[in-house]
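Work the whole structure out from these sequences, hints included.
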Amino acid sequence: MIPETLRNELSEHCAHYPSRQVGLIYVLQKLQEHYGGWLPDEAIRQAADIVGVPEPEVEGVATFYNWFFREPVGKTIIACCDSISCYLCGCEAVIDRLKNRLGIEIGQTTPDGQFTLLPVVCLGNCDRAPSILVGDTLYERVTPEMVDEILARHSREAKEGRP
270 MIPETLRNEL
280 SEHCAHYPSR
290 QVGLIYVLQK
300 LQEHYGGWLP
310 DEAIRQAADI
320 VGVPEPEVEG
330 VATFYNWFFR
340 EPVGKTIIAC
350 CDSISCYLCG
360 CEAVIDRLKN
370 RLGIEIGQTT
380 PDGQFTLLPV
390 VCLGNCDRAP
400 SILVGDTLYE
410 RVTPEMVDEI
420 LARHSREAKE
430 GRP
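According to this note's numbering, the sequence shown is numbered sequentially starting from 270.
There's no promise every hint is true.
What the hints assert, rightly or not - Pairs of lysine to aspartate or glutamate, DMTMM-like flavour, derived with a Cα cap of 25 Å:
{"hint": "1", "residue 1": "368", "residue 2": "340"}
{"hint": "2", "residue 1": "344", "residue 2": "429"}
{"hint": "3", "residue 1": "299", "residue 2": "426"}
{"hint": "4", "residue 1": "368", "residue 2": "311"}
{"hint": "5", "residue 1": "368", "residue 2": "310"}
{"hint": "6", "residue 1": "344", "residue 2": "281"}
{"hint": "7", "residue 1": "299", "residue 2": "281"}
{"hint": "8", "residue 1": "428", "residue 2": "396"}
{"hint": "9", "residue 1": "299", "residue 2": "405"}
{"hint": "10", "residue 1": "368", "residue 2": "409"}
{"hint": "11", "residue 1": "368", "residue 2": "324"}
{"hint": "12", "residue 1": "428", "residue 2": "418"}
{"hint": "13", "residue 1": "368", "residue 2": "326"}
{"hint": "14", "residue 1": "344", "residue 2": "417"}
{"hint": "15", "residue 1": "344", "residue 2": "311"}
{"hint": "16", "residue 1": "344", "residue 2": "365"}
{"hint": "17", "residue 1": "299", "residue 2": "429"}
{"hint": "18", "residue 1": "299", "residue 2": "310"}
{"hint": "19", "residue 1": "344", "residue 2": "374"}
{"hint": "20", "residue 1": "428", "residue 2": "414"}
None of these hints come from the bench; they were simulated from the model.
This is the structure:
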């Protein structure tokens, strides 16, 4: 269950729209934050109740968008662009280095729950390929040699309590 204060905030937010369902994306974002980065079944039920739409409709939205997660993910998402531009500029070697250093495959989360490695079709940074998005930080012209420092930086920040 979510705290009554959060429920009230979400309901109030939706009340500002001509149709409450316009606020569904916002509600899902806030519920995902509340549940630690993912949307369990309970969150889908709560969103449906707050917005006033059937659960299957909420499920459809939650599974349509790449940045809503229906299963637990790590504290930090590493999104690796594998579009044609990044591919031609060496993203495979970067992804291989990430998989090796993290000890996981694409779509998996490290045993400590810190990182989840995901593919993404495009980060909109094609002229500076290959690119990866780590949390909210975009890295461009990434080489395999840069991976260790990028991971070290984000591990350090996590230990210091920074997002």
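Hints versus structure:
no. : hint        : verdict
1   : 368 <-> 340 : 20 Å, holds
2   : 344 <-> 429 : 13 Å, holds
3   : 299 <-> 426 : 23 Å, holds
4   : 368 <-> 311 : 32 Å, violated
5   : 368 <-> 310 : 30 Å, violated
6   : 344 <-> 281 : 29 Å, violated
7   : 299 <-> 281 : 13 Å, holds
8   : 428 <-> 396 : 33 Å, violated
9   : 299 <-> 405 : 17 Å, holds
10  : 368 <-> 409 : 18 Å, holds
11  : 368 <-> 324 : 36 Å, violated
12  : 428 <-> 418 : 15 Å, holds
13  : 368 <-> 326 : 35 Å, violated
14  : 344 <-> 417 : 18 Å, holds
15  : 344 <-> 311 : 20 Å, holds
16  : 344 <-> 365 : 21 Å, holds
17  : 299 <-> 429 : 24 Å, holds
18  : 299 <-> 310 : 15 Å, holds
19  : 344 <-> 374 : 17 Å, holds
20  : 428 <-> 414 : 23 Å, holds
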